[in-house]
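Trainee: Now for the letters of each chain:
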Amino acid sequence: MTDVKSILMVGVGGQGTILAGKILSMGLMAAGYDVKMSEVHGMAQRGGSVSNQVRFGKKVYSPIIGKGQADILVAFEMMEAMRWLEYLKPGGKIVVNDFRIPSGPILIGACDYPEQVIESLKAKADTTVIQASEIAKQIGNARTMNLVLFGALVKGMNLTHIDFAAEIAANVKPETLKLNLEAFRAGIASLKQ
Amino acid sequence: MKKLLTGNEAIAQGAWEAGVMYACAYPGTPSTEILENIAEYKGDIIAEWAPNEKVALETAAGASVFGARSLAAMKMVGVNVAADPLFSFAYAGVNGGMVLVSADDPGCHSSQDEQDNRYYAKFAKIAMVEPSDSQEAKDMVKAALEISEQFDTPVLMRITTRICHSKSLVEIGSRQEVGKRPYVRNVNKYDLVPATARKRRVEVEKRIEQLTVFSETTELNYIEWNDKKVGVVASGVGYQYAQEVFGADASYLKLGFTYPLPIKKIREFASQVGTLYVVEELEPFIEEQLQAVGIACIGKAKVPGIGELTPDILAKALKGETIPCVEADMSQVVARPPLLCAGCPHRGFFYELSKIKNLMITGDIGCYSLGGNEPLNAKDTCICMGASVSMGHGVQKISDRTGDATKVVAVIGDSTFFHSGMTSLLHVAYNRSNTVTVIMDNRITGMTGHQENPGTGFTLQGMPTQIADIPAIVKALGIDAIRVINPLDLKESREALAWALSLDEPSVIITRWPCVLKKHSDADKQEFGNYIGTCQVDSAKCIGCKICIKTGCPALRFDKATKKVSIDATQCVGCKVCLQVCPVKAISKVGE
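Protein chains in written order, with our numbering: chain G, 1 to 193; chain W, 1 to 592.
Don't read these hints as lab results, they were simulated from the structure. As the structure is a computational prediction, the values presented were derived from the model and not from experiment. Take these hints with a grain of salt, some might be off.
Claimed, not checked - Restraint ranges, calculated between C-beta atoms of paired labels, are given here:
#1 Gln272(W) to Ala166(G): 36 to 42 Å
#2 His520(W) to Ala189(G): 47 to 53 Å
#3 Tyr531(W) to Ala123(G): 42 to 48 Å
#4 Met463(W) to Gly91(G): 53 to 59 Å
#5 Ala166(G) to Lys491(W): 53 to 59 Å
#6 Met463(W) to Ala166(G): 46 to 52 Å
#7 Lys264(W) to Gly91(G): 30 to 36 Å
#8 Glu527(W) to Gly91(G): 57 to 63 Å
#9 Glu175(G) to His520(W): 20 to 26 Å
As the list claims (entries may be wrong) - What the simulated footprint calls covered on chain W by chain G, stretch by stretch (three residues with Cβ under 8 Å from a Cβ of chain G suffice, anywhere in the stretch; the number is not a length):
#10 35 to 41
#11 164 to 172
#12 258 to 266
#13 300 to 313
#14 335 to 341
#15 370 to 376
Yeah, the Cβ is synthetic: ideal placement off N, Cα and C, and Gly gets one too.
Only chain G is shown next, with the shape it has when bound in the complex (with noise of 0.2 Å):
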């Protein structure tokens, strides 16, 4: 199982990591892999937790990623990173979204949202840090920021030779595409190899 890559995207229900998904499992699907892509809905869409899971190779079996299977940890909101950490193998890569959510207790006061959270990732892996939010507003609408990450993501796992602006177009509206493509090869160029 050797050949099987791992990609988790976390982030807040909301923040558009299910669409991202859906672009990422298309375009390696058109690539000839196996892909099992895994989502939670529920309680999630209620501004909770939410975790995309994409595994692809030759073949593919289970469609969740264990405790220490990911390759990349892809999160659209700092905090999350730290929670999905575990997921992560050792030797791994995150890429982390410059934008904190805070949660329900943070918002009451009842706690406090975590300090130093790319500081504690960095010490623990390979972190490259992604203002995809800026990206996003300079590019033209914030939205964008699920597709600035995404491009980050297809650099750092040197899937830059799958067409995944196709599958961009297949998936987003038309009048949205443009910015949405730019946002793409943003997130790309943000990712240094």
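Assemble chain W onto chain G, guided by the hints.
Mentor: Just chain W now, kept in the frame of chain G:
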């Protein structure tokens, strides 16, 4: 052509390809998308939302008896509701093939229990299939319908969250029109009066014998020979995890047809391998049956029965291997529980409810169960669909009999009221408890992702339809004290609660406002208008009292350093609940 489909999408595709003519369900995670996807095949399949799972199963049974291939889908607790028709329909048998899809939820991702519905197949003495990925989910719908017709049995298809919501590659086919079989009256089969039931009881046992023979030979149960030191008997997603853990270091008996079990085949497999493991999520359903016939195996002695399995849990259980992972310091990570959305119409009412003393609040299944979370804390109980009203009645009766001051408010949503709250309310009206029932009518089935219901004016396949009139239903059930209010208006909510709690008779408050995420119908737009503008805090006026924070709105944030509250304009829809609770009028609405 191949497509990436979730298990739920694949079941819909399978139903269409296999010539299903009728499908029915009540939405429930993780099963909901099965019917949503079947509904797309408008010309070929009649797809409907039922008010509850019992109705869904009965309608599918009717379609089957009249000769059509049919399917009913529900989450696992829904099968409890549908168990009554299931057990007797199992005696009657089918005409057109009939499949009941039960979506179990190991790990309680979105459920109140972790029941293993495979036992229903054994209990009702019907055939069962268990797919382990989306391709199998599609293929097994067809196989199940054929088994159903060949052996005259409803077939249980048992899936789990990871099958429902995981995508994998599926080969897409075309529809096979099987048409409708003729219906011929046969009271000795379909009319289960005791005399018929006693005869059918014998047939049910014969059927299990025939299905056992089938189980031994069907391709749904197959062996993959590799190294024979370890043998694994597995079904469902557990098979995938076993492959992940052992790969070619073990041989597999993969079970797709899991009731009745192919005991001979398993015994033969067991005789050729060293250690035999049974890998199954939740209960030892397969293991118990192997132990009973003396096949030595290891299952729940090592594999956890609580919670869902993962490859790493299984590796640790069976190989003693701890997969190395990056160590995380979780001490700083704050929980992220689901919340009522910004602008949720339930919030204001719960805020007022939470302030009342000597109250027991019986809750129900839906978004409003989140009203029990911090900071609203407005809930005592929640056990199942419809129980808020009937449990509340039981509490109130004992409270009154024992001279306790406790009053009961039962909180139930519109869809849940239609599901099984109506019969509970009839009990309240009939047996006269002075409980307050609150029907939180947000004009949609919210928690499962906005499904139409009898109150919304549309069917699953988009046809405009009769709108169930909740106040008229409540009145007809025998409740005279009824108020319909706007729950975003806190004064109105407060007054309605005070009025209802002062009565010496059962009462109903209907909070009528659409879910903030609902796509408004024309009727909604006319009645409720649009959200315009947002609320904002004048920080010079804000005294940091945090009363607005007690409404639990995710758009509000208290800054510990400045001791001021701010509102996230991207989330705020301007519902004005926070504005109404602010004691110093620091919050105003802008952009109207």
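Trainee: Would you pick out the hints that fail for this structure and give their numbers low to high?
Mentor: 1, 2, 6, 7, 10 and 12
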